[in-house]
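Colleague: These protein sequences, in sequence, are chains A and B.
Note that our numbering numbers the first sequence so that position 19 is 19, with each residue one more than the last.
Note that our numbering numbers the second sequence so that position 169 is 169, with each residue one more than the last.
Watch out, some of these pointers could steer you wrong.
[To be verified] Subject to a maximum C-alpha distance of 25 Å in a straight line, what follows is the list of computed BS3-like cross-link-like pairs (lysine-lysine):
#1 Lys35/B <-> Lys59/A
#2 Lys59/A <-> Lys228/B
#3 Lys143/B <-> Lys351/B
#4 Lys46/B <-> Lys64/B
#5 Lys59/A <-> Lys320/B
Hints listed in this document are in silico derivations from the structure and should not be mistaken for laboratory results.
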Amino acid sequence: MGVLRRNLTAYGFLCAALFCFAVFAWYPMIREFILSFQETNLIDPPTWVGLDNFEYAVKYPGFTEAWIATLQFTFLALVCGFVVPFVVALVLNELRHARAYLRFVVYLPVMLPPIVAVLLFRWFFDPGPGLFNQILGLVNLPGLAWLDSPHTALISLVIVSTWMNMGSATLIYLAALQNIPPELYEAAELDGAGILKRIRHVTIPQTKLILLLMLMLQIVATMQVFIEPYMLTGGGPAGSTVTVAYMMFQFAFTNQNYGVAGALGMMLMIVLLVFAAFQLRLTREDKA
Amino acid sequence: MKRSTGLLVATALGLAATACGSGEPAEPAAGGAAKVTITVACQPAKSAPKERQAWDDDVAAFMKAHPNVTVKSTDQQPCFDPKTFGPKLAGGQMETVFVVPVTNYDDVIAQGQAKDITQLTGEIKNWNDLRQDVRDLVTKDGKVYGVPNVHYGVGLVYNRKLFTEAGLDPDTPPATWAEIREAAKKIAALGPGHVGYGEYSGGNTGGWHFTQAIYGRGGSILTEDGKKAAFNSPEGKAVLQTLHDMRWIDNSMGSKLLVGWESLMVAMGSGKVGMMLGAPDVVTDVVGKFKGNVADYGITGFPEAKASLSGGEAFMINPKATPEEAKAGMQWLDFRFNTPGKGRFDYARGKANGNPVGVPDNAVYGDSPTGQAIQADRVKNASLPVANYDPYVKASATIPPKAEPVHAQEIYAILDVAMSGVLSDKDADIDRLLADAETKVNAVLAAKG
Numbered sequence: 001m002g003v004l005r006r007n008l009t010a011y012g013f014l015c016a017a018l019f020c021f022a023v024f025a026w027y028p029m030i031r032e033f034i035l036s037f038q039e040t041n042l043i044d045p046p047t048w049v050g051l052d053n054f055e056y057a058v059k060y061p062g063f064t065e066a067w068i069a070t071l072q073f074t075f076l077a078l079v080c081g082f083v084v085p086f087v088v089a090l091v092l093n094e095l096r097h098a099r100a101y102l103r104f105v106v107y108l109p110v111m112l113p114p115i116v117a118v119l120l121f122r123w124f125f126d127p128g129p130g131l132f133n134q135i136l137g138l139v140n141l142p143g144l145a146w147l148d149s150p151h152t153a154l155i156s157l158v159i160v161s162t163w164m165n166m167g168s169a170t171l172i173y174l175a176a177l178q179n180i181p182p183e184l185y186e187a188a189e190l191d192g193a194g195i196l197k198r199i200r201h202v203t204i205p206q207t208k209l210i211l212l213l214m215l216m217l218q219i220v221a222t223m224q225v226f227i228e229p230y231m232l233t234g235g236g237p238a239g240s241t242v243t244v245a246y247m248m249f250q251f252a253f254t255n256q257n258y259g260v261a262g263a264l265g266m267m268l269m270i271v272l273l274v275f276a277a278f279q280l281r282l283t284r285e286d287k288a
Numbered sequence: 001m002k003r004s005t006g007l008l009v010a011t012a013l014g015l016a017a018t019a020c021g022s023g024e025p026a027e028p029a030a031g032g033a034a035k036v037t038i039t040v041a042c043q044p045a046k047s048a049p050k051e052r053q054a055w056d057d058d059v060a061a062f063m064k065a066h067p068n069v070t071v072k073s074t075d076q077q078p079c080f081d082p083k084t085f086g087p088k089l090a091g092g093q094m095e096t097v098f099v100v101p102v103t104n105y106d107d108v109i110a111q112g113q114a115k116d117i118t119q120l121t122g123e124i125k126n127w128n129d130l131r132q133d134v135r136d137l138v139t140k141d142g143k144v145y146g147v148p149n150v151h152y153g154v155g156l157v158y159n160r161k162l163f164t165e166a167g168l169d170p171d172t173p174p175a176t177w178a179e180i181r182e183a184a185k186k187i188a189a190l191g192p193g194h195v196g197y198g199e200y201s202g203g204n205t206g207g208w209h210f211t212q213a214i215y216g217r218g219g220s221i222l223t224e225d226g227k228k229a230a231f232n233s234p235e236g237k238a239v240l241q242t243l244h245d246m247r248w249i250d251n252s253m254g255s256k257l258l259v260g261w262e263s264l265m266v267a268m269g270s271g272k273v274g275m276m277l278g279a280p281d282v283v284t285d286v287v288g289k290f291k292g293n294v295a296d297y298g299i300t301g302f303p304e305a306k307a308s309l310s311g312g313e314a315f316m317i318n319p320k321a322t323p324e325e326a327k328a329g330m331q332w333l334d335f336r337f338n339t340p341g342k343g344r345f346d347y348a349r350g351k352a353n354g355n356p357v358g359v360p361d362n363a364v365y366g367d368s369p370t371g372q373a374i375q376a377d378r379v380k381n382a383s384l385p386v387a388n389y390d391p392y393v394k395a396s397a398t399i400p401p402k403a404e405p406v407h408a409q410e411i412y413a414i415l416d417v418a419m420s421g422v423l424s425d426k427d428a429d430i431d432r433l434l435a436d437a438e439t440k441v442n443a444v445l446a447a448k449g
């Protein structure tokens, strides 16, 4: 009883957290799992349809293309969103002046509501008076169609996504970099290692675990890309930016086909669970 | 990156809410008639205080005339949002009386999301004056599921001021696609930022406008039995070829893809877009919501039209409503939306409030006595230059209306790809785009049985 009383506050916080998880995470997931095996108009009692929703989703035109676009986006977003913040963190770590200011600037996009960032980029990408084409024009380069061409739309979304999300990753990398004992760099310098060799033989091995964790987290996050295609391209042009999450939204809220949307969500969740399992394993190895 | 988990959460929370509001038994009132409370959609937003006040006045007048009925208004904008429609119904949050656009009639009715109101149509005093073809759109297997509220055919909306600046006569707007191309070239030549002809390419609006264009040329989206795609045809090819040529050969469509309804409205309102396919409500919206200058816009008939895609909306009743609530809902619809000189047809009040009055944006009553009374009242109180819309009125009378295809939204999403394909790629293979879309639509139709 005494133990219980002593830990009452802790239990209180735990209950609040459990309640929030139950209502906002676990219940929706369980509900979605059930929904993926049902056909419903949300009024009459739902009908159990077995795997019909999964079959419908797999056979649906554009299913394969949506997965390809999602994987392409994930790959490109990792190339940019994984490397760029790490490089920025390295540069910030080396700076001696204006570090706090630059950290704030790098983190600023994270503080902007995503809708604001997306609308900002809509103007940047405008093929007429848009900022990017104006800059290209200044250096006598031809303008690009950006969001308006199937060849450049996906990479344009990657640019937006990287800009919106790199702040958090940069700060995490920066924290990891600052935990590296300076003696290691001093020893490397004494051995005649240049900056690239120091990064290769000191920085990367020392931050390996964080890098792997961030890689897993970013894969899980980028595969669920939705807001960028929803707000900027509507899945176009020519269907080039229809991702799995966007397709799920279309099924649920445009076609009112909640069962198929649930089935698509389950498929995505299973793929993401594989990466989440890697992440858990890495975390356990870290503790061991 | 926003997680799709958020979507799941939104869906599931909508499902999680428990039913309340509708479906509760009515209490008997002291006067004899049972007391009933209904919720009604489409109250104007607070940002339109005069229109909102007019609505509230109508609610008060209705409740005075029907003392047993309490009306509660909701002001969600837009009135119909497919994203919230299903979850609102499931969660008991859907109004007793809600609006559905014509694009969604079939799906809403087929899914049992609207109440059968066949026995209640008598509550609408002018029911028999509503156009039969419009009533047919909300009727399935002999049962009526909605009260048509707005109906119109598609025409060509054009900017008269730009026509004048480009040396074109705004009183003789283009009547053929060849004339549209020529006019668009001259308007685009006015200078940077000028677009001769605006067209959608995404967010399902591309497919929607493809349907408008192919209907106008005499083609169809689906076969008569609705089981196969029919747009991979000379008419479908002509639609895409014309757009491709205007975009890449004439360079008269600007360089920006327009995704979603607002994008073209904003462009039209800016006064730099010469023409677009659209119904008269485009003029109302461009002027009322996107700051277009009312004197600049005119509308004419669809070029070379053989048929016109029906547009509009209907009010429907919540399937969970009790018979008393459904009856009260129908009485509200009669009072506010179907009585000449009252509610939305109180054009004198609308004019006094500064509303755009005079656009022929609703042919729901056609040429019936009620329709004629409404039209006379609209012209009498017009605040807009009605002469600018005469070409449309004259042309529309001869163009037969044609309904949306079944599963319209899913088909439009597929046709978006063909539309954005020709507008984003100079070397687009039109035959392949149409063939791909045909395969996909056939697959969807086959899956739906």
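Colleague: Hints first: check each against the structure and report whether it holds.
Modeller: Hints, verified against the model:
{"no.": "1", "hint": "Lys35/B <-> Lys59/A", "in the structure": "violated (51 Å)"}
{"no.": "2", "hint": "Lys59/A <-> Lys228/B", "in the structure": "holds (17 Å)"}
{"no.": "3", "hint": "Lys143/B <-> Lys351/B", "in the structure": "violated (38 Å)"}
{"no.": "4", "hint": "Lys46/B <-> Lys64/B", "in the structure": "holds (24 Å)"}
{"no.": "5", "hint": "Lys59/A <-> Lys320/B", "in the structure": "violated (34 Å)"}
Checked against the numbered hints listed earlier, the structure breaks hints 1, 3 and 5; every other hint is satisfied.
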